[in-house]
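Student: Residues 1 to 125 in the numbering used here are what the sequence shown lists, from first letter to last.
Because the hints were derived from the structure by calculation, they are not lab data. Do not rely on the hints blindly, as some may be mistaken.
[Stated by the list, open to error] Ranges of calculated distance between the beta carbons of each label pair, as one might list FRET restraints:
1. 10 <-> 102: 20 to 30 Å
2. 122 <-> 21: 42 to 52 Å
3. 87 <-> 6: 16 to 26 Å
For every residue, glycine included, the Cβ atom is placed at its ideal position computed from N, Cα and C.
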Amino acid sequence: MRFYLVMAAILGLTATIFGALGAHALKSVLTASQLDSWQTAVRFQFYHCFAMFITVLLHRHQMSIWLKRAAVLFLSGTFAFSGSIYLLLLCGWSFLGPVTPLGGLLLMAGWLSLLIFAYNAKQEN
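Please build the complete structure, drawing on both the sequences and the hints.
Tutor: In structure tokens, the structure reads:
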């Protein structure tokens with residue numbers, strides 16, 4: 001799970017950079033609607049970098065295939081969801097349009113995996 005910890009840190013770092021880009025450098029390049037989409041991508045990237053951190057920390061206390069699946073899904077979903085929005089806005093690659101909702105589905109599956117882990121977790125008294 002060390003890989004996912006490193007990737008979560010990279011996602012947090014790049015979300016900070018992309019947030020700053022959106023707040024400053026891209027204001028004159030993107031429309032208000034596009035900037036809203038950019039900020040949505042940044043927010044989702046932040047949410048899911050923290051979700052990955054939590055998943056890794058939980059895995060240190062109780063190993064579970066559901067936690068591993070959640071980490072994989074959070075990572076792939078973030079790349080698909082946020083990454084496709086960034087590329088759509090910066091490069092105009094419209095063929096990536098269908099990737100964004102697929103990324104959202106992967107993120108939802110990550111949360112479902114975390115829910116299944118939580119439901120099946122051993123109770124500590």
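Student: For each hint, tell me whether it holds in the structure or not.
Tutor: Quick rundown of the hints versus the structure:
For the hinted restraint 20 to 30 Å between residue 10 and residue 102, the CB-CB distance of approximately 21 Å keeps it satisfied. At roughly 44 Å, the beta-carbon separation of residue 122 and residue 21 lies within the given 42 to 52 Å, and the hint holds. Between residue 87 and residue 6, the C-beta spacing of about 23 Å keeps the proposed range 16 to 26 Å intact.
The structure is consistent with each of the numbered hints, conforming to all of them.
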